[in-house]
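Novice: Go by the hints and put chain B onto chain A.
Taken in sequence, the protein lines are chains A and B.
Per numbering that gives the first Met the number 0, the very first residue in the first sequence carries number 0; after that it's consecutive.
Per numbering that gives the first Met the number 0, the very first residue in the second sequence carries number 0; after that it's consecutive.
Hints should not be assumed to be uniformly reliable.
As the list claims (entries may be wrong) - Derived DSS-like pairs: lysine-lysine, alpha-carbon spacing no greater than 25 Å straight-line:
no., chain 1, residue 1, chain 2, residue 2
1, B, K181, B, K51
2, A, K71, B, K181
3, B, K157, A, K61
4, B, K187, A, K61
5, A, K116, B, K206
Stated by the list, open to error - Here are the simulated distance ranges between beta carbons:
no., chain 1, residue 1, chain 2, residue 2, range
6, A, G174, B, D80, 27 to 37 Å
7, A, A58, B, K98, 26 to 36 Å
8, A, A172, B, L208, 39 to 49 Å
9, A, S93, B, N75, 44 to 54 Å
10, B, K98, A, A154, 37 to 47 Å
11, A, A154, B, L24, 45 to 55 Å
12, A, D34, B, K181, 54 to 64 Å
Keep in mind the hints are simulated off the structure, nothing from the lab.
Backbone N, C-alpha and C define an ideal beta-carbon position, used for all residues, glycine too.
The lines below spell out each chain.
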Amino acid sequence: MAEMEVKSGGGHKKGPGVKKSKKLSTRVDLTPMCDLGFLLITFFIFTTTMSQPTAMNLAMPKDTDKPDELNKVKESGALTIMMGKGDVVYYYFSNDPTKLQTTGYKDIRGIILEKKKNTPADDLFITIKPDKDATYKNAVDILDEMAINTIKRYAMVDPTDDEYKLIQLTEQAGGIK
Amino acid sequence: MGRAKIKRGNTNVDMTAMCDVAFLLLSFFILTTHFKPSDAVEVQPPSSVASKIAPEKDAFMVSIKMDGKVFIQMSNDMKGDVIDELSTARNLNLSAEDKKYFIQSYFVGTPLSQLTQFIRLKPEDMSKVKLTGVPVDSTNNELQAWINAAINAYKGRKINFLIKGDNNSKYIVFRNVINAFKKNEVFKYQLVTNPEGIPLGSELEKKNLAGESAPEQ
Numbered sequence: 000m001a002e003m004e005v006k007s008g009g010g011h012k013k014g015p016g017v018k019k020s021k022k023l024s025t026r027v028d029l030t031p032m033c034d035l036g037f038l039l040i041t042f043f044i045f046t047t048t049m050s051q052p053t054a055m056n057l058a059m060p061k062d063t064d065k066p067d068e069l070n071k072v073k074e075s076g077a078l079t080i081m082m083g084k085g086d087v088v089y090y091y092f093s094n095d096p097t098k099l100q101t102t103g104y105k106d107i108r109g110i111i112l113e114k115k116k117n118t119p120a121d122d123l124f125i126t127i128k129p130d131k132d133a134t135y136k137n138a139v140d141i142l143d144e145m146a147i148n149t150i151k152r153y154a155m156v157d158p159t160d161d162e163y164k165l166i167q168l169t170e171q172a173g174g175i176k
Numbered sequence: 000m001g002r003a004k005i006k007r008g009n010t011n012v013d014m015t016a017m018c019d020v021a022f023l024l025l026s027f028f029i030l031t032t033h034f035k036p037s038d039a040v041e042v043q044p045p046s047s048v049a050s051k052i053a054p055e056k057d058a059f060m061v062s063i064k065m066d067g068k069v070f071i072q073m074s075n076d077m078k079g080d081v082i083d084e085l086s087t088a089r090n091l092n093l094s095a096e097d098k099k100y101f102i103q104s105y106f107v108g109t110p111l112s113q114l115t116q117f118i119r120l121k122p123e124d125m126s127k128v129k130l131t132g133v134p135v136d137s138t139n140n141e142l143q144a145w146i147n148a149a150i151n152a153y154k155g156r157k158i159n160f161l162i163k164g165d166n167n168s169k170y171i172v173f174r175n176v177i178n179a180f181k182k183n184e185v186f187k188y189q190l191v192t193n194p195e196g197i198p199l200g201s202e203l204e205k206k207n208l209a210g211e212s213a214p215e216q
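Here chain B stands alone, though its shape is the one from the complex:
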């Protein structure tokens, strides 16, 4: 009886197809991720157990830097309307060119009087200039004017008001920002934080485990 010969299969697998897939995915991810220009304002936010992702659409973000300076960042689609509104409200006499520069700029970091010079700065020169931030003190509250312009420009539609404060910024600046919002009858904000795990055994964890709806704060 002849024993059947076991055929030795080739163990060499053709990797071409798999390699193609890997690089296709890689290029897809690289192209779809958009890099945030948030480096412009360096802020290290505190962490919280909040699990909701910060919205990026229709966002009006007020950043508070460590030294207490306040900056405004807006989503690109609202910039045009807001600057139109603000320039009529404050008689800024901005030219069409100024507005174009404003839309291209990443954030607002100066008082209105220096706005035209500021928006012409190139991103690489931004770090060399000492920025004063948007004034928020009670005598000259320009943040209030910006918020007002945003609300008027967005009549009826919802704006996501975000506040992003640095860990070491003073609470008093935060309160000034809140006051500027309050004067515009805005009472709901979202504080941008870094995610953090819910402490074990806490009431929130029990609540989440019990299957109740997401924590409302």
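Chain A extracted, bound-state conformation:
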């Protein structure tokens, strides 16, 4: 307790002329200090839990040249998503890169869902091809879309030279820097 008992002198009787000293209360109001303590606690709790980073699992396939070890993809279920510079996304269905279409990161979810709805679940395969100018964020964003739309089969590979040229042509035509 914040109080101290002040005992009067040990056994001596005071004479009639000795004045009694006034007893001052030593009690301090601790309410503001208590408030401050809890305020600091809440501050520390909030700041520590917020900065906890999360991790996203990524499994890459082993590089192989043997044709029978390669994954086979049905043409009807294939969707290729390519990322270029300036946060622009390109996509095409089946295996015809010349039918390249341009979109953005906000609209790609709709396209993936549309494709998912129209394809049997086992046939759907999404190929992700970030090109040389794409940023790491672009790759993570698209991988995240796979998680959001619960796509089971997808792979991340490099674009072919033809595809890269097509992207560059589209970029030049659209004036994307």
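Specialist: Chain B in isolation, oriented as in the chain A frame:
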């Protein structure tokens, strides 16, 4: 009939005990939180819906900075074994003192040729020196050697391979890092991201609501 007098209670509550508890908790939290020396490599990771907390034990983290430089951070308990392994594999002739300095250092940010000078830098001098990063290009892939040393040092035990890339770093650097892992037959990594809410109405949200197990990616 005399009315019973209502006793006026003292409304003054003794706050001492509560105050004690508050400060006890406060000191507990302050002492138990450990500040990460991650400021050494400044990286702003992208956000994702992944909800798993990034592991800190047995972690081998490759950071990619905005300018494409690659840095390695390891958990403290594995540093000793890794540097022993690497110095025999690459004939680095590191002295016992070098190894002690290495264990104290926070991260690896230079080619092996400059490693001994680098680990002697004091943390406050670190920002003044221009760090070149660990080479990852195909001609001189030292990251591969580091990964190899980590795997050999941790024979049989699992290492958490983490990749932490900056938002604006180029994908091509990330691919070089992945290639270094691939050459060591490591195919599973965890990408460090900032947490983000799951978009409303998305399939993942429905799946989580349906009570299925955590999303496997």
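Novice: Verify the proposed pairing of K157 of chain B with K61 of chain A, using a straight-line Cα cut of 25 Å.
Specialist: holds (19 Å)
Novice: Kindly confirm whether 44 to 54 Å is satisfied by the beta carbon distance between S93 of chain A and N75 of chain B.
Specialist: Given a distance of about 51 Å, which is inside 44 to 54 Å, the answer is holds.
Novice: Holds or violated: are the alpha carbons of K71 of chain A and K181 of chain B at most 25 Å from each other?
Specialist: Given pair K71 of chain A, K181 of chain B holds - Cα atoms ~22 Å apart, limit 25 Å.
Novice: Is it true that the C-beta distance of G174 of chain A to D80 of chain B lies inside 27 to 37 Å, as the hint says?
Specialist: The hint (27 to 37 Å, Cβ to Cβ) is violated, given that G174 of chain A and D80 of chain B are roughly 54 Å apart.
Novice: In this structure, is the beta-carbon distance linking D34 of chain A and K181 of chain B contained in 54 to 64 Å?
Specialist: Given a distance of about 57 Å, which is inside 54 to 64 Å, the answer is holds.
Novice: Would the hint linking K116 of chain A and K206 of chain B be met if the CA-CA limit is 25 Å?
Specialist: holds (16 Å)
Novice: Tell me if the straight-line CA distance from K187 of chain B to K61 of chain A falls inside 25 Å.
Specialist: The hint holds at about 10 Å.
Novice: Quick one: are A58 of chain A and K98 of chain B within 26 to 36 Å, going by C-beta?
Specialist: With Cβ atoms ~34 Å apart, the hint holds.
Novice: Are A154 of chain A and L24 of chain B spaced within 45 to 55 Å by their CB atoms?
Specialist: holds (49 Å)
Novice: Range hint 39 to 49 Å: satisfied by the CB atoms of A172 of chain A and L208 of chain B?
Specialist: holds (43 Å)
Novice: Does 37 to 47 Å hold as the CB distance between K98 of chain B and A154 of chain A, or does it fail?
Specialist: Given a distance of about 41 Å, which is inside 37 to 47 Å, the answer is holds.
Novice: Are the Cα positions of K181 of chain B and K51 of chain B separated by 25 Å at most?
Specialist: Distance ~24 Å between K181 of chain B and K51 of chain B Cα, so the pair holds.
Consistency note: the structure conflicts with earlier hint 6 alone.
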